[in-house]
Structure formats: C-alpha cells, structure tokens
Amino acid sequence: MSLFSRLLSYLGLKKKEVNILVVGLDNSGKTTILNNFKKDEDKSQEIVATIGFNVESFHVNNLTFSAFDMSGQGRYRNLWEHYFKGIHAIVFVIDSSDSLRLVVAKDELDLMLKHDEIASKPNLPLLIFANKMDLRDALSSVRISQALGLESLQERPWHIQASNAITGQGLQEGIQWLTEQLINQKK
Amino acid sequence: MYHKRDKKDDEDLAIAGNIFAKITKTSALQDARSFNETPVNARKCTLILTKILYLMNQGETFTTQEATDLFFNITKLFQSKDTTLRRLVYIGIKELSKIAENVYVVTSSLTTDMNAKDDLCRPQALRALCHITDGTTFQGIERYMKQAIVDKNPAVASAALVSAHHMAKNIPEGVKRWVNEAQESVNSDNVMVQYHALGLLYHIKKTDRLAVSKFLAKYAQTGLKSPYAILMLLRIAAHLYSQDKQNGPYLSFIDKCLDHKSDLVCYEAASLLLKINCSTPINTAAAFAVCQSGLSSSRPVVRFAAIRTLNQVAMLRPTLVEYCNVELEHLITDSNRSIATLAITTLLKTGQEASVERLIKQISSFMNEISDEFKIVVVTATRKLCQKFPRKHAVMMNFLETMLRDDGGSEFKKAIVDTILHIIEDNPDAKEAGLAHLCEFIEDCEHTNLMIRILHLLGKEGPKTSRPARYIRYIYNRLILESAPFQAAAVSSLAKFGAHCEDLLPNVIVLLRRSLLEMDDEVRDRATFYLNVLLTKQKSLYNQFILNPLQVSIVDLEKSLQQYILDPKDTPFDLKTVPLATHPQNNDESAKKPTVNGMKPSSETVRVTKTAPNEVAETRRAIYEEQLAYFPEFEEAKLGPLIKSSQPVELTESETEYVVKCIKHVFKRHVVFQFDCINTCNDQILENVRVSMQVPEGYRKVCTVECPVLLYDAPGTTYSCVEIVSDNVSLYVGTFENLLLKYIVKDCDPNTGKVLDDEVGYDDEYALEDIEIVWSDFVQAIIKPDFVSAWEELGPNTEVAETFALQSFKTIDEAIKNIIYFMGLAPCERSDVVPEGKMSHSLYLSGVFHEEDEILAVAKLAVTNEGVTMKLSIRSNNLDISNFIVSIIA
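Order-wise, the sequence lines are chains A and B.
According to the UniProt record's numbering, the first sequence is numbered sequentially starting from 1.
According to the UniProt record's numbering, the second sequence is numbered sequentially starting from 1.
One or more hints might be untrue.
Claimed, not checked - Label pairs and their calculated CB-CB ranges:
#  : chain 1 : residue 1 : chain 2 : residue 2 : range
1  : B       : Arg33     : A       : Asn123    : 51 to 61 Å
2  : B       : Arg177    : A       : Gly168    : 34 to 44 Å
3  : A       : Val142    : B       : Asp747    : 30 to 40 Å
4  : A       : Asn78     : B       : Asp520    : 14 to 24 Å
5  : A       : His59     : B       : Lys25     : 36 to 46 Å
6  : B       : Glu765    : A       : Asp137    : 50 to 60 Å
7  : A       : Asp40     : B       : Ser297    : 51 to 61 Å
8  : A       : His59     : B       : Asn187    : 53 to 63 Å
9  : B       : Asn180    : A       : Leu153    : 26 to 36 Å
10 : A       : His59     : B       : Arg177    : 35 to 45 Å
11 : B       : Thr24     : A       : Asp137    : 54 to 64 Å
12 : A       : Ala49     : B       : Thr222    : 37 to 47 Å
13 : A       : Asp40     : B       : Gly223    : 16 to 26 Å
Claimed, not checked - Cut-off 16 Å, straight-line C-alpha distance, at most; resulting in silico cross-link-like pairs (EDC-like, lysine to aspartate or glutamate):
#  : chain 1 : residue 1 : chain 2 : residue 2
14 : B       : Lys81     : A       : Asp42
15 : B       : Lys871    : B       : Asp764
16 : B       : Lys81     : A       : Glu117
17 : B       : Lys460    : B       : Glu37
18 : A       : Lys16     : B       : Glu37
Said to hold, decoys possible - Stretches of chain B that chain A covers, calculated by requiring three or more beta carbons in the stretch to come under 8 Å of a beta carbon on chain A:
#  : segment
19 : 71 to 80
20 : 98 to 106
21 : 306 to 316
Keep in mind that the hints were calculated from the coordinates and are not lab data.
The beta carbon of each residue, even a glycine, is placed where N, CA and C say it ideally should be.
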C-alpha cells in the first residue's frame with residue numbers, strides 16, 4: 001500500500017496507458033501469464049494455442065496495460081514485427097524446461113532486438129519470464145540469462161524473473177519491475 | 001483531456017462539411033497510421049475507418065502491400081473497447097481479407113470476441129472470422145464454431161450457420177463435420193436459425209441424394225415452424241422431383257403446402273407446381289387457384305408474385321392462364337408499373353388474334369414509364385406473339401419500330417433488333433417491312449455491334465428482295481458517314497449486292513472504287529479485294545469469296561483477325577491455306593455442343609451462346625495444343641496443327657479403382673489419344689503408367705508418353721500416338737481393341753502418401769473399354785451461310801445419293817438430331833428446325849473432312865408408317881468421301 005500511495009503522489013493521480021508486446025516461442029505460457037493478470041470473472045478456463053494475436057488489458061498499480069499477446073508458433077513469428085511500433089515494453093516468455101529450444105528462443109530474441117523499430121529505442125525495457133519454474137527439469141533463471149546472452153545487452157534495462165504462470169508465482173514481481181521502469185521513464 | 005479532444009474533433013467535422021466529399025486514398029492511408037496511437041481515440045478512428053470503408057466501396061483499388069499495412073494498422077484497434085469501432089473493425093477485416101496478406105493474424109482476437117459477453121459483437125466477429133479462415137487455421141476455430149452453431153442467442157447461431165455455409169466453399173470437408181450441430185439447430189425455436197440450419201444441412205448433404213431425400217421426408221413429416229425453412233424444403237423437393245419424375249412423395253409434399261397458413265409458402269408451392277411440367281391436373285388446378293386469388297390481393301408484392309408466375313406459365317399452358325384473363329385485364333391499369341407490364345405481356349401470350357391490336361396500343365401508352373428490364377420482357381412477349389399470329393406482323397413491326405426510336409439501353413435495343421430479325425427469318429411477308437425499319441434504325445444508331453449485324457443482314461437478305469436497289473443507299477450512307485468498322489461492314493454488304501444482282505453490278509463497282517481511297521486499311525483492303533473479285537465476273541469466285549465466306553459473320557472475322565495479331569503464327573494469315581486451322585474451329589464447337597448434350601439446337605440457343613462457346617472452344621484447343629507441344633516425342637512425329645479434339649470418353653465404370661477418360665486429338669496424319677487417369681486407391685502409387693492397345697488396319701503405332709507417377713486422387717496423363725498409314729478413307733474409321741492400362745503398383749501409407757520403405761512394386765495391368773474412331777472425329781461442322789450456291793458450285797458429278805429407311809426414329813426432329821450427331825456436320829439455313837406438323841422436311845448440312853475436303857449434304861426426310869425415310873444426297877470435292885459416307889450410314 002505504501003508503494004501504491006507513493007506512486008500516486010509521483011504521478012499526480014493520472015492513469016497511464018502503456019502497450020506491451022508479449023512474445024516467445026509456442027507453448028511457453030504467454031496467454032496463461034496474461035490470463036493471470038485479468039480479473040477473476042474475466043479469466044478463461046482453458047487456454048488454447050493462439051492463432052495470430054490477442055489483445056488483453058489489465059491494471060497493475062496505476063498503469064493500464066494493453067498487452068498484445070502474439071502467437072508463438074513458427075509460422076506466425078514473422079508477424080511480430082507488425083506490432084513493434086508504438087510499444088512501451090517487451091515481455092519475452094521462455095519455457096525454462098525446454099532447454100532444447102533455448103537456442104531458438106535466443107535467435108528469435110536477437111532477431112527482434114536487432115529490428116530497426118526496437119534497436120532505435122535502447123531504453124525500451126525488456127522483461128523475461130523464465131516460466132514453468134515448477135517443473136523438475138527447469139533451468140534456473142541465471143542459467144537462462146547466460147544462455148540467452150543477456151549480459152551482453154549494454155544499455156537496455158532488462159530483468160529476468162522465474163515464474164509459474166499456473167499458480168501466479170513470480171508474475172507480480174516481474175510486472176512490478178516493469179511498472180517501475182515505465183514510471184521512471186515517463187517522468 | 002478526453003473531453004477537450006472530442007470537442008476539437010467536433011469542430012473539425014463542422015468545418016469539413018460533408019466528410020465524404022474529398023477523400024483520397026493517400027490521405028486515408030496516411031490517417032490510418034493514427035490507429036497506432038496509444039491510447040486509441042475511438043471517435044477519431046471510427047471516422048477514419050468509415051472513410052476507408054467508403055473508399056473501398058466506391059471501387060478504389062488497393063495494392064496487396066497497401067492493404068496489408070492497412071490491415072495490420074486496423075488490428076491495433078482491437079485495444080479499444082468501443083463497440084461501434086469494434087464493429088467497424090470487423091467490416092474492415094472482411095473487406096480487406098480478400099486483398100491483404102496474413103489476415104489469419106486476427107483469428108484469435110475474433111474467437112475471443114465470439115465468446116465474449118457483448119452480444120452486439122459476437123455475431124459480427126463470427127461473420128468476419130469465416131472470411132479469414134483457411135485450411136490451416138480451420139482446426140483452431142472448429143471448436144468455437146461448433147459451440148456457436150448451437151448457441152442460445154439466435155443472432156449468434158444464425159451468423160455461425162451462415163458463416164459455415166460460406167466456409168463450405170473453401171473447406172467442404174471440415175464443415176461436413178458440423179452436421180450434428182446443424183441438425184440440432186434445425187430444432188431451434190427461432191425462425192431464421194431454423195432456416196439457416198436447414199440450409200447448411202442441405203449444403204452438407206446435397207451430393208448424397210439418398211440422404212437428402214431422407215431428410216426431406218423427415219422434416220416434411222415433422223413440420224417446421226419457420227416458413228423460410230419450409231420454402232427451402234419446397235425448393236429441394238421440386239429439385240429432386242425434376243431429377244426423378246417417378247417419385248410421388250415430393251409432389252404430395254408440395255401439394256400439402258398449398259394449404260399452409262403462411263402465404264409465402266402457399267405461393268411458393270403454387271409457383272413450383274405450375275412450373276413443374278408433369279404435375280397432375282388436380283394439383284395444377286389447386287395451385288392455379290392460389291395464384292388467381294393472389295391477383296386480387298391488396299398487397300402489391302403478392303400481386304406481383306402471382307402475375308410473375310402466371311406470366312412464366314403462360315407460355316407452357318396458355319389455356320390455363322386464359323381463365324383469369326378478367327383479373328389480368330384489371331391489372332393493366334394497376335398503379336404499379338411492373339405489375340401492369342407483366343399483366344400485359346401475360347395477356348399477349350394468352351391473347352386472341354383479335355385483341356392484339358388493342359393490347360399493343362395499351363402498352364405503347366406507358367412504354368416510356370417502365371424500366372428497360374421490363375421493356376425487354378415486353379419485347380420478348382411481342383416476339384412470341386409474332387410467332388403465334390404471323391398475320392399481325394404489321395402491327396407489331398410498327399410497335400417495335402417506335403420502341404426502336406425511343407431512348408433505351410443497349411440491351412433493350414438488342415432485344416428489339418433480335419426480335420425483328422426473328423420475325424424476318426420466320427415470316428417472309430414481314431421481310432421487306434422489317435428491313436426497311438432496320439435501315440431507318442441504322443441511320444441513327446449508336447450501338448456498334450447492332451449496326452454491324454444489321455449491315456450484315458442487309459447484305460444477306462437485301463439482294464433477295466424485290467427491289468434491292470433501295471438498300472444500297474442506306475448502306476452507302478454508312479460508308480460515307482461512319483467510322484471504320486461500319487465502313488468495312490458496309491463494303492462487305494455492298495459486295496454481296498454486286499455478286500447477287502447482275503443489274504446492280506456496275507453501280508456497286510463504282511461505289512467500291514470510291515472506297516478504295518478510304519483512310520482505314522481494313523476498309524480499303526476489303527474494297528480492293530471485293531472489287532477485284534467482282535471484276536472477274538465469275539460466278540464460282542463470287543460464291544467462294546463473297547457469298548460464302550468461311551466466317552459466319554463479320555463480327556467473327558474481326559475477332560479472328562484480332563486473334564491472329566495477338567498470337568502470330570509462322571504462316572501469314574491466308575484464308576485459302578489456313579482457314580480451318582484458325583477460325584472455323586469455332587463454328588464447329590458452337591454448332592456441335594447443343595447436339596452433343598442431346599438438346600435440340602434451336603436457333604435461339606445457338607444465337608445466344610454463339611460467342612461464349614467460341615471462346616471456350618478456342619481456349620480448350622489452345623490448352624491441348626500447348627500440353628501436347630510440351631512432349632518432345634510429339635515434336636519428332638511432326639504432328640502439325642491440331643484439327644479437332646473430341647469430348648472426353650470414359651473407358652472405365654465411374655466407381656472403379658482407376659478412372660480413365662480418353663480424349664482423341666486428330667491431326668493431319670496422326671491421332672493422339674490422351675488418357676486422363678485418376679487413381680482412387682489411397683494405399684497405392686502407380687508408376688510408369690501407360691496404355692497398350694491393338695492397332696487396327698490403316699494405323700501404325702508411333703509412340704507413347706508414360707505418366708511417371710500417379711498419386712492418389714491426383715490426375716495424371718499418358719498419351720499414345722498413332723499414324724494414319726492408309727490413304728483409303730474407309731480405313732480411317734476403326735476400333736482400337738484390347739486396351740490395357742499397364743503400370744507398376746507400389747503400396748503406400750494412406751495417410752502420408754509415402755511409399756513404404758521396402759516396397760519394390762510389381763507390374764500389373766487393368767483392362768479398359770475399346771476406343772472407336774468414328775467418322776465425326778474427322779469432320780468439322782462449318783456453316784455455309786449461302787448453302788444453295790455452294791451446293792450448285794460443287795456440281796452434280798460428285799454427288800452420291802441413296803435412300804434409307806430409318807426405322808428407329810418416330811419423328812423428324814428425332815431423326816435430325818441423330819443425323820447431325822452422327823455425321824458431325826453443321827445444319828445450314830436453319831434447316832434443323834422443323835415447323836410443327838410437317839410430314840416431310842429437307843435438312844441441309846455442311847462441313848469439312850480432315851481439313852481439306854468440303855462436304856455438303858441434303859437429307860430429305862419424310863415420315864412414313866415405319867418410321868422416317870431419308871433420301872440422302874452428298875456432294876464433296878472427293879468422290880471417295882461421298883461414297884464412304886453413304887456406306888457408313890448403310
């Protein structure tokens with residue numbers, strides 16, 4: 001509560017709207033993560049593979065998020081770039097138990113960060129959810145950040161957060177970091 | 001902040017005035033970028049999107065790139081919760097789905113909306129969804145569609161059913177799986193849902209006649225609530241009945257519906273009963289009573305429906321419709337012009353000879369007030385009337401002429417000219433008057449093709465009238481006043497006058513001399529050509545080049561020249577040496593098609609379909625020629641140009657493992673058999689597929705082209721080429737026996753279509769039916785516009801005559817149909833139409849054998865007690881051929 005009131009005073013009671021892009025390989029848990037942020041009555045009971053994209057909106061603290069939940073399947077990944085314009089943050093979701101495709105995830109991440117639209121905004125925050133941390137063979141977030149080569153990102157603010165989208169563990173912490181980043185930038 | 005911005009927008013609007021007045025595509029596309037703004041300004045975006053949709057509906061074209069960019073911009077609007085904007089987004093998606101790429105990107109967004117709570121959006125989202133779904137995304141949405149079809153909300157269910165119907169076009173297999181859901185929806189309480197569900201159900205089952213008739217019986221018994229659904233059932237029943245006349249239940253169902261409480265259903269049932277030809281007198285009377293009572297209804301719609309049906313029926317059963325002449329007379333003064341027009345035309349169809357003049361007078365009084373479409377209806381009715389009462393042609397000619405002078409669209413004028421042409425052809429008395437009217441018409445005519453047709457007709461008919469000289473002035477006027485196409489047509493017409501009438505020849509020569517100095521090449525060339533022919537003063541040359549050109553009409557000549565320019569061949573366009581390769585092929589098909597389908601080639605259908613089949617035939621030939629040219633084997637064989645391709649003949653039963661069809665391509669000295677094979681076994685792959693056959697005397701086998709692989713359900717083609725060795729015409733005709741389809745079979749996995757790993761395959765063969773090469777495969781049917789002079793030109797010394805008794809035919813019509821089909825020749829001078837009730841008839845036929853020898857035939861037919869007797873005389877360049885024809889008929 002104290003944090004909330006502090007933010008209110010920072011921002012002068014205004015609500016902010018931000019667009020975030022949620023990407024990642026297929027079956028990494030993007031739609032499930034977003035489902036967790038929704039109000040209880042809006043939550044969908046079963047999650048199916050997204051075709052194309054979905055728009056979800058939710059409130060955290062004093063920010064209204066419009067999240068573009070992109071499909072992660074191979075044939076739809078080239079559509080991500082259509083939504084790079086006008087976004088305020090990127091959320092990249094990784095299936096920590098899928099060590100085999102970690103390299104594919106790295107490729108996709110690198111490709112995205114090299115895109116003109118993203119590369120021209122070096123302070124665009126990047127939040128990485130190392131999802132499915134509850135699984136037995138899940139890699140730790142440190143291992144993943146090494147595998148993705150996140151250390152080499154110089155300017156860009158980034159944060160990796162281990163999470164479990166089904167129980168909601170770790171999600172709030174991650175989005176909290178993102179909120180702070182966005183509020184700091186807006187100031 | 002929001003308020004402020006909205007206010008500003010309002011001001012913008014006020015200043016702009018009519019917002020749709022000055023929109024350009026560029027500015028609209030520019031504006032569409034603001035869809036990317038955060039947060040989305042719903043009001044502003046609504047306006048921009050409306051503008052874009054307006055542009056699209058005005059016919060503005062978007063390139064794929066533009067459309068795709070626009071589409072992705074629009075997808076950003078899914079952020080907004082505004083209902084109006086969301087619904088506009090759906091419309092935008094639907095419009096762009098045809099041009100933009102990657103439209104499936106919105107699939108998930110739409111399925112989310114489909115299941116949202118907002119009832120305003122759900123049906124719309126569904127309708128948009130069916131436009132962007134293809135085979136790859138189908139599985140993802142299938143579950144949602146199934147749910148939506150049985151949704152409690154009728155709007156959603158209806159939308160889902162209609163969308164399913166649309167999707168069935170692209171993904172028929174998938175939609176078939178929804179049959180249970182559709183069945184459930186048929187039981188819905190909602191009128192529209194029931195109708196749509198029935199529609200989908202029928203669509204899914206319509207290929208299976210047994211299933212359709214089962215479900216028809218089921219629903220006819222249980223009784224549906226929705227009148228629309230019953231309407232649909234009625235139409236299905238009528239359709240089934242028309243295919244299978246024996247089946248009584250359909251008819252009794254339609255009959256039962258005559259008493260339905262909805263007048264919609266009653267009317268439909270009545271109208272169907274009247275249109276089905278062989279319903280019994282009892283139910284016809286009942287159906288008729290429904291229409292009759294409709295005539296005096298207070299609602300214009302019902303009156304219109306009733307009169308429209310009666311109008312259609314009037315031709316088939318005039319006596320029946322005559323009963324309500326009293327009501328019809330009342331309707332002539334109906335305030336609704338459409339009803340009045342139909343009433344009059346119906347009366348015209350049923351009317352007596354005495355009342356014709358009065359009716360015509362009544363129509364002329366309001367002819368100017370009705371639309372072109374109904375004017376055409378009036379014109380067709382007049383044509384029918386002329387056939388019925390030939391003596392009244394003067395009245396009708398005058399009537400038609402007044403209409404011809406009035407304003408009207410090209411279709412309307414065409415209908416009139418067609419009618420006049422018909423009257424002239426059918427009724428020699430009306431010829432001179434009709435020609436005079438047409439001459440007046442071309443003095444001030446803006447429709448190119450009509451004018452050219454009339455000029456051609458004048459050239460054909462004018463010289464045979466009592467005073468040919470009078471037409472020359474009209475034709476020459478065109479030559480002086482009009483543009484090149486008309487001049488060219490006029491020159492040809494003039495030449496015909498010169499060729500036909502000795503006394504006019506000097507005058508015509510003078511006129512043609514003047515035309516030698518025309519600006520246009522075509523006109524000048526024609527004038528020069530005709531002038532030189534006329535100066536030779538040789539009848540046979542006249543016949544060959546002026547009276548009987550190989551083309552049927554000037555329009556066609558123009559077309560074939562154009563074609564030659566577009567697709568130049570190595571040889572120059574020479575009428576003498578290549579005529580049959582370039583042009584007459586067209587006639588062949590157009591004249592032949594109706595007979596092949598087993599229909600009587602009535603002059604009307606030939607006239608109407610003349611242009612369409614020409615193009616079809618031409619492209620068909622071009623396609624085959626291109627296909628054949630692809631194989632080096634055929635190039636070696638030096639086939640030359642393709643003369644004729646036959647219709648496909650099935651060599652197997654339709655439900656067997658392999659379906660094989662054969663098309664015979666006839667060349668100068670070769671025949672190529674094209675075998676189109678389909679493998680219907682999904683666990684087999686055939687390799688090295690070829691056909692072996694026993695070649696009859698007179699032919700020599702040249703080569704075969706194998707089909708390397710024949711996959712499941714994918715057509716493959718193999719060819720066999722034989723050479724015609726003998727010069728003896730009688731050996732041209734023969735039967736190719738012992739046809740065997742030979743191949744190597746390999747078993748494969750039915751799901752993947754891949755050959756099993758250790759499979760080596762084994763040789764196998766499959767027996768096919770024999771192929772016959774018949775006489776008509778070599779004959780091209782070509783119409784001689786002036787049969788008599790061509791007949792005389794060939795002379796009696798090539799004639800072969802024989803008399804036959806054709807016992808299998810009962811009527812002349814039947815005999816003619818079969819003779820034309822068998823001989824493959826084209827009927828000339830409209831001699832294939834027999835006036836009713838005549839006991840004898842002469843049939844004129846013409847054609848070309850094997851691209852070189854002309855054949856003309858006169859068949860005199862007479863009905864006797866034992867069928868039809870035919871005296872057939874044949875003249876040809878080649879006496880062998882004449883003899884041969886007679887021998888094969890015998």
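Quick rundown of the hints versus the structure:
1. Arg33(B) - Asn123(A): 51 to 61 Å: 23 Å, violated
2. Arg177(B) - Gly168(A): 34 to 44 Å: 37 Å, holds
3. Val142(A) - Asp747(B): 30 to 40 Å: Roughly 54 Å apart at Cβ, these two residues miss the hinted range, so it is violated.
4. Asn78(A) - Asp520(B): 14 to 24 Å: 57 Å, violated
5. His59(A) - Lys25(B): 36 to 46 Å: For His59(A) and Lys25(B) the Cβ distance comes to about 39 Å; the hint holds.
6. Glu765(B) - Asp137(A): 50 to 60 Å: 58 Å, holds
7. Asp40(A) - Ser297(B): 51 to 61 Å: Because 60 Å falls inside the window, the suggested range holds.
8. His59(A) - Asn187(B): 53 to 63 Å: 44 Å, violated
9. Asn180(B) - Leu153(A): 26 to 36 Å: 54 Å, violated
10. His59(A) - Arg177(B): 35 to 45 Å: 41 Å, holds
11. Thr24(B) - Asp137(A): 54 to 64 Å: 59 Å, holds
12. Ala49(A) - Thr222(B): 37 to 47 Å: 41 Å, holds
13. Asp40(A) - Gly223(B): 16 to 26 Å: Violated, since Asp40(A) and Gly223(B) (Cβ atoms, about 47 Å apart) do not stay within the stated range.
14. Lys81(B) - Asp42(A): It holds: about 14 Å lies between the C-alpha atoms, which stays within 16 Å.
15. Lys871(B) - Asp764(B): 51 Å, violated
16. Lys81(B) - Glu117(A): Distance of about 27 Å is beyond 16 Å: violated.
17. Lys460(B) - Glu37(B): Outside the cut-off at roughly 73 Å; violated.
18. Lys16(A) - Glu37(B): The given pair, whose Cα atoms are some 14 Å apart, holds under the 16 Å limit.
19. 71 to 80: holds (count 5)
20. 98 to 106: holds (count 4)
21. 306 to 316: violated (count 0)
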